[in-house]
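Chemist: What follows is each chain in one-letter form.
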Amino acid sequence: MNALIIGFGKMGMLHAATLNTFSEIKNIMICEPSHLIQSGLKNFNAPFLIFDDLEKALASQKIDMAVIATPTSSHMSIFRRLMQNSLHTFIEKPMASNVEEASQCLDIWQKTNPQPKVMVGHCLRYTPTFQLVKKILDENALGQILSFTAEMYSPDVLKKTKGWRFKKGLIGGGVLLDLGSHLVDMVQYLFGMPSNVNGHVEAIFSAHVEDVFEAHFDYANFGGEVTASWSKPEVRKATLSIKIQGSAGDLVVLDDWVEFNLKEPWGDYVAGRNTCSITQLETHVPFDLAGPMYTRQLKDWTDSILGNQICQNDLYTNMNNMVLIEAIRESKRLPIKIQEIPNPLLEVIV
Amino acid sequence: MDQFILGDNQFFGVNHHSRSTGADKARRFSKTSEIIEVMCAAKRHGAGGVMLSAHDRVKEIIQAMRSEPELTNFNVYANIPYLMKYVQKSTQAGLIGLVKDMVIGQAGPKRLYHAARAYLKKDFRQLLCAGIDIEMAAYQHFNIKAIFLHNGIVDLVLGLGLVDVLHDFDNYVRNEYQAIPGYGTLNLPLCVETLKKAGILEPLIMAPFNHKGFHMNPSRLANEQILVEGGFKLLAMNVMVSGGSDPQIAFEYLGRFPTLKNVIIGASSENHLAQNARLIKEYCR
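Chains as they are written, first to last, in the numbering used here: chain C, 2 to 351; chain W, 177 to 461.
Looking at chain C on its own, in the form it has when it is part of the complex (with noise of 0.2 Å):
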């Protein structure tokens, strides 16, 4: 297959180099308006073609892939020419800027025929701790789920800072886009949907966008927090954590470490306390470039187009992500009811 990087960025950069590794990929090819890395590229003799423009790669030769990898507000007008080649996507988070335009790419993907494999990048999902968090819920060992807190820090704007994201009309919002995406699609995740969202955001540093959100998820039976802030000066890179207090046991998760508790004994683990580290649950990929996690993802991007199978963070999957990103960022205290899409997807897997 030959794959197209749209966007030349931090991101770009990591899901060219891991798919270059990939048996299955032919060519790369790189679209990047900047005259500064493509001169970069050119330097080091980089083996792709690069395109300065969307159109000229797209007529260039027959592609079968993308990734946007681009700033947020790019992304569904970028995502749009892509599906009139039907070509299969990959969309780097958080989906698009706001409900609307997600809502739009959701709607252009359904109208695509044929349908091509739409992921998007919520590489958390596939971290060690956070599965083994997943089949704890899944399989009841916590028994009934009481509350959690999910909290998601990192120590990336200490001060006024002038990039993309700190800008509103480019990208929609600061930390509720960046980490807030993460963090709400691990609880969407591992709880699901709640039924009522109630939040605030505030600024610490930037002008135009918000730096620390909380926010409260109220599901039938139980109730979590949500709080994320990218200004955290004592932590030393981004940092997931979610404790869950259950009726049969208890537990905290980060991506490094999992601890819990359990009444009763369950699978390999006892009654009383079990721990388990990454070096004990990590698991070797073809090849690693700032985490399994990422190779893992496009894998099971390129293993979904190669065997037409169902892949995570579909559409639906990350439209419900931003529904309960706007309603935090919307609620300004008050509670939101939140309307769940529907995933037709997910009952194809059932």
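Hints were generated in silico from the structure; no laboratory data involved. Be a bit skeptical, because a hint or two may be false.
Below, simulated EDC-like cross-link-like pairs (lysine to aspartate or glutamate); rule was C-alpha separation at most 16 Å, straight line [as the list claims (entries may be wrong)]: (1) C:43 x W:178; (2) W:437 x W:458; (3) C:27 x C:54; (4) C:135 x C:256; (5) W:409 x W:369; (6) W:261 x W:232; (7) C:238 x W:232; (8) W:321 x W:178; (9) W:261 x C:235; (10) W:235 x W:299; (11) C:43 x W:232; (12) W:373 x W:340; (13) W:201 x C:65; (14) C:43 x W:340; (15) C:135 x C:251; (16) C:160 x C:235; (17) C:94 x C:251; (18) C:333 x C:315.
Could you slot chain W onto chain C? The hints should help.
Modeler: Using the frame of chain C, we list chain W on its own:
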């Protein structure tokens, strides 16, 4: 090349086994004197040098090392760049903003002309050299034995197939710093193969090597096979899986590979250093 090199992850809060353990250690080592004390203890137990990442604190650590008579001949193995710093900057300002910041914000008066000229000419091969100089400035030429390119960069370059980056790095480090160029990687077989293609003979490679196979991609077996085939010098890292292994078992495993003679270990107590030194002597002869 020293047989036993002290690692620095514990000084900066990196622990793959447990992030909270890492954070505890980072608090302890926020005092530079504590770091120097561990280095002195490591030297007493036979370590020949220390790996130092280009962390913001490396300048003050090097200054403290200079003032410590016990560390006069203690080698420094630089690991550049300190990736977290750049990941954070690229999140804030994008890739172009990152390059601009490197040239204008970090080059300093001595390197500004060199870096700015390369930037204006969009000459990334010169920018790579300027980047090495910028990262190495904090080390003040103190006992530099080898300069490692961080595994995050090496693996990116391997994935993108930018063999020329490896070539340029190798030449520049040898010619300008009279140091051994080293390559960090989490993809050892691919790294060996790519360096061979680049014509870089008998390279020094730092990669995970442990009985649990942690971070040994694409498989433990593939890593073992490439080590047996040879053609490069391995500096084994992650040998005790961030403290998640029994040291005796960890070193018995290393002892199965006669060509493996160099190990980097991030111990922080006198007891651990003594134990590791004994095991290295026994199993990595």
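Chemist: Could you run down the list of hints and mark each one as holding or not?
Modeler: Each hint, compared with the structure:
1. C:43 x W:178: violated (38 Å)
2. W:437 x W:458: Status holds; Cα separation ~11 Å.
3. C:27 x C:54: Judged against 16 Å, a Cα distance of about 21 Å means the pair is violated.
4. C:135 x C:256: Judged against 16 Å, a Cα distance of about 13 Å means the pair holds.
5. W:409 x W:369: This hinted pair holds, its Cα atoms lying about 13 Å apart.
6. W:261 x W:232: Since the Cα atoms of residue 261 of chain W and residue 232 of chain W sit roughly 9 Å apart, the hinted pair holds (cutoff 16 Å).
7. C:238 x W:232: holds (15 Å)
8. W:321 x W:178: holds (9 Å)
9. W:261 x C:235: holds (14 Å)
10. W:235 x W:299: violated (28 Å)
11. C:43 x W:232: With Cα atoms ~32 Å apart, residue 43 of chain C and residue 232 of chain W exceed 16 Å; violated.
12. W:373 x W:340: Distance of about 11 Å is within 16 Å: holds.
13. W:201 x C:65: Given that 16 Å is the threshold and the Cα spacing comes to 48 Å, the pair is violated.
14. C:43 x W:340: holds (11 Å)
15. C:135 x C:251: It holds: about 14 Å lies between the C-alpha atoms, which stays within 16 Å.
16. C:160 x C:235: holds (14 Å)
17. C:94 x C:251: violated (30 Å)
18. C:333 x C:315: violated (29 Å)
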